[in-house]
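J.: What follows is each chain in one-letter form.
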Amino acid sequence: MQRYFISRLGQSALLLIGVIILVFFMVRVTGDPARLMMPREASAEDLEAFREVMGFNRPLYVQFLDFFSGAIVGDFGDSLHFKTPALQLVLERLPATVHLAGIALIFALIIAIPIGLIGGFNPGSVVDTLGRGLALAGQSIPNFWLALIFILFFAVRLRWFPSFGRDEWHSVVLPATVLGLPVMGQIVRLTRSAVLEIRGEDFIRTAYSKGLEPRTIYIKHVFRNVAIPLISVIGVQFGYMLGGSIYIETIFSWPGMGQLIEQSIGWRDFPLIQAIAVFTSVVVLGLNLITDLTYAFIDPRIRYGSS
Amino acid sequence: MNTILQVNDLVTKFYTVDGVINAVNGVTFELREGETLAIVGESGSGKSVTMMSILGLIPTPPGKVENGEAIFTSFGSSHDLLQLTPAELRNVRGGQIGFVFQDPISTLNPIMTIGEQISETLTRHLRISGEEARERTVKLLAQVGIPDPELRYKNYPFQFSGGMRQRVVIAIAIACTPQIIIADEPTTALDVTVQAQIVELFRNLRESLNVAIIWITHDLGVVAGLADRVLVMYGGRIAETASVDDLYERPQHPYTMGLLGALPRMDESDSKRLVSIKGTPPDLLIPLRHCPFAWRCDYAFDRCWEEVPPQIEISSHHKVSCFYDLEKGEPRDG
Ligand SMILES: Nc1ncnc2c1ncn2[C@@H]1O[C@H](COP(=O)(O)OP(=O)(O)OP(=O)(O)O)[C@@H](O)[C@H]1O
Ligand SMILES: [Mg+2]
Chain A
1 MQRYFISRLG
11 QSALLLIGVI
21 ILVFFMVRVT
31 GDPARLMMPR
41 EASAEDLEAF
51 REVMGFNRPL
61 YVQFLDFFSG
71 AIVGDFGDSL
81 HFKTPALQLV
91 LERLPATVHL
101 AGIALIFALI
111 IAIPIGLIGG
121 FNPGSVVDTL
131 GRGLALAGQS
141 IPNFWLALIF
151 ILFFAVRLRW
161 FPSFGRDEWH
171 SVVLPATVLG
181 LPVMGQIVRL
191 TRSAVLEIRG
201 EDFIRTAYSK
211 GLEPRTIYIK
221 HVFRNVAIPL
231 ISVIGVQFGY
241 MLGGSIYIET
251 IFSWPGMGQL
261 IEQSIGWRDF
271 PLIQAIAVFT
281 SVVVLGLNLI
291 TDLTYAFIDP
301 RIRYGSS
Chain B
1 MNTILQVNDL
11 VTKFYTVDGV
21 INAVNGVTFE
31 LREGETLAIV
41 GESGSGKSVT
51 MMSILGLIPT
61 PPGKVENGEA
71 IFTSFGSSHD
81 LLQLTPAELR
91 NVRGGQIGFV
101 FQDPISTLNP
111 IMTIGEQISE
121 TLTRHLRISG
131 EEARERTVKL
141 LAQVGIPDPE
151 LRYKNYPFQF
161 SGGMRQRVVI
171 AIAIACTPQI
181 IIADEPTTAL
191 DVTVQAQIVE
201 LFRNLRESLN
211 VAIIWITHDL
221 GVVAGLADRV
231 LVMYGGRIAE
241 TASVDDLYER
251 PQHPYTMGLL
261 GALPRMDESD
271 SKRLVSIKGT
281 PPDLLIPLRH
291 CPFAWRCDYA
301 FDRCWEEVPP
311 QIEISSHHKV
321 SCFYDLEKGE
331 PRDG
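Chains as they are written, first to last, in this note's numbering: chain A, 1 to 307; chain B, 1 to 334.
No lab work stands behind these hints: they were computed from the structure. Among the hints, erroneous ones may be present.
To be verified - For lysine to aspartate or glutamate, the following EDC-like pairs were computed, each having C-alpha atoms within a straight-line distance of at most 20 Å:
{"#": "1", "chain 1": "A", "residue 1": "K220", "chain 2": "B", "residue 2": "E131"}
{"#": "2", "chain 1": "A", "residue 1": "K220", "chain 2": "B", "residue 2": "E116"}
{"#": "3", "chain 1": "A", "residue 1": "K83", "chain 2": "A", "residue 2": "D202"}
{"#": "4", "chain 1": "B", "residue 1": "K139", "chain 2": "B", "residue 2": "E116"}
{"#": "5", "chain 1": "B", "residue 1": "K154", "chain 2": "B", "residue 2": "E131"}
{"#": "6", "chain 1": "B", "residue 1": "K154", "chain 2": "A", "residue 2": "D299"}
{"#": "7", "chain 1": "A", "residue 1": "K220", "chain 2": "A", "residue 2": "D202"}
{"#": "8", "chain 1": "B", "residue 1": "K139", "chain 2": "B", "residue 2": "E200"}
{"#": "9", "chain 1": "B", "residue 1": "K154", "chain 2": "B", "residue 2": "E135"}
Please take these sequences and the hints and turn them into a complete structure.
T.: Have a look at this one:
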């Protein structure tokens with residue numbers, strides 16, 4: 001268990017270093033970061049002055065070591081737009097994003113897991129048929145389109161929910177629903193197919209041959225095995241929602257990291273973009289680590305490191 | 001000896017998209033107290049489905065037990081297992097009838113300790129405390145020959161070899177001291193040396209528990225060493241049933257002859273080659289209207305294509321479903 005954890009931690013650290021290197025070179029692929037960051041009409045003197053301030057005229061390896069040592073301690077320099085430390089700005093946006101992603105995930109799981117379980121145990125039943133239709137719709141309807149329809153219908157026409165912002169308690173409902181729907185679709189399908197697969201396993205037949213009650217078999221033998229594939233997908237999906245609800249935060253003016261990404265790109269605020277990129281990676285890597293640990297907690301084969 | 005299980009005219013079908021599979025077509029046999037009954041027959045002959053039908057383990061749908069009875073007699077009272085409610089049947093399964101399946105790799109839950117998997121049977125049937133179940137489980141592990149049972153209790157299936165896993169499955173089967181153990185090809189998936197150990201374990205358990213064993217197998221060598229009687233299945237029917245000695249010395253069904261011919265003999269010269277039976281197994285999608293073996297039989301004559309042969313009694317413990325008398329070399333009378 002400890003070895004497993006340490007090796008996962010090591011892998012995450014390596015990945016993070018990789019991300020930092022990528023982020024560093026990302027702004028330098030065109031050769032001149034100053035041109036990338038400054039407005040197009042900037043004069044040659046302005047550009048030179050900017051290079052001087054940002055240290056872009058130093059040798060590349062010096063710049064890299066500088067960036068890298070800063071990134072490790074969370075220092076990405078000041079935002080060009082706000083003139084305050086970039087990471088600080090990102091952290092201010094974190095609660096709103098976690099709020100949105102958390103509600104979206106809870107919404108998705110509360111609906112998807114029961115539907116998936118019922119569908120897996122009674123394939124072809126009414127719940128199953130409706131659930132699969134919903135899953136297909138959730139996965140195939142484009143997010144941004146659905147967001148607009150929801151705003152039009154639930155916010156403008158019915159006036160049930162606000163159409164933007166995060167000022168009221170129920171502001172989160174519309175964006176969370178739109179964000180959660182595709183995840184819900186995926187989890188319905190995954191739960192359903194996992195239940196179907198596990199139900200057909202030989203060890204379930206063994207459980208029946210022991211005379212166990214169906215309820216006991218579902219809880220002790222089926223659910224715990226179904227949880228294994230679910231956990232990894234939930235982890236990945238949550239990471240994805242935390243890092244990337246750019247459309248949805250923008251459409252609903254949700255003051256989270258996604259909106260900040262959209263804005264900072266518009267402002268060509270590269271220190272801020274870099275801070276967001278590295279920070280998001282840290283969040284996703286952390287989440288993967290938690291996922292792996294949960295996984296190991298449920299599955300002894302991983303805990304004890306069998307092949 | 002008293003009959004403990006009497007199966008009469010069992011019929012099981014599977015309703016699949018390709019059509020109706022006539023898996024079991026009127027199977028009748030009995031099992032006596034403490035005896036070991038071997039069931040042999042080629043793949044698809046209905047051995048497993050017969051046993052699963054009796055205990056309500058057929059996946060429904062697509063499967064359906066359409067006819068028959070299975071009278072189980074224990075502690076002086078008899079019940080038709082096919083008429084029991086699901087709850088009553090659950091009390092029999094694992095309690096009075098234990099199962100051992102073919103592949104010990106997949107028959108245990110991979111994420112549950114083997115100790116838990118054994119003790120959950122005990123708590124289910126014997127209504128004992130978790131602590132007591134644990135103690136009994138440790139004893140059971142020792143009984144089936146697992147070293148360090150205290151430590152092994154906490155292990156997971158992947159920490160065991162195939163043979164050791166099969167011992168765990170056997171421990172589950174005998175946990176509640178059943179009257180019958182149904183072992184469905186319990187050694188097929190194991191190495192040859194391990195096979196011998198498992199057979200030996202069954203032999204010992206049979207002595208100490210006085211349990212009746214139904215042993216499904218392809219291995220006629222094991223049959224000779226372990227079984228009292230043999231049931232030969234073909235195409236979802238019983239082709240022949242006899243004591244082991246009778247079957248080997250005076251096989252009455254051409255299919256049994258074929259099977260015995262297919263058995264390599266140690267005591268005979270190389271000139272007698274391993275014979276495999278010509279032809280392919282019957283198509284179970286076609287309802288039975290004549291002897292299912294007629295296609296492949298060297299002795300088949302008109303009648304074999306017109307009627308399904310009933311079980312004919314040769315002697316008190318020897319029955320055959322065949323119209324042709326192999327010993328006389330002519331069709332039977334009547
Ligand atoms: N779940 C199922 N659905 C459809 N057909 C089935 C199912 N289970 C068994 N059958 C069919 O029933 C027939 C008898 O199968 P059974 O498993 O009893 O054979 P067997 O004698 O045990 O063979 P083997 O030696 O390979 O185990 C086969 O033709 C098989 O295809
Ligand atoms: Mg079988």
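J.: Okay, which hints does this one fail, numbers in order?
T.: 3
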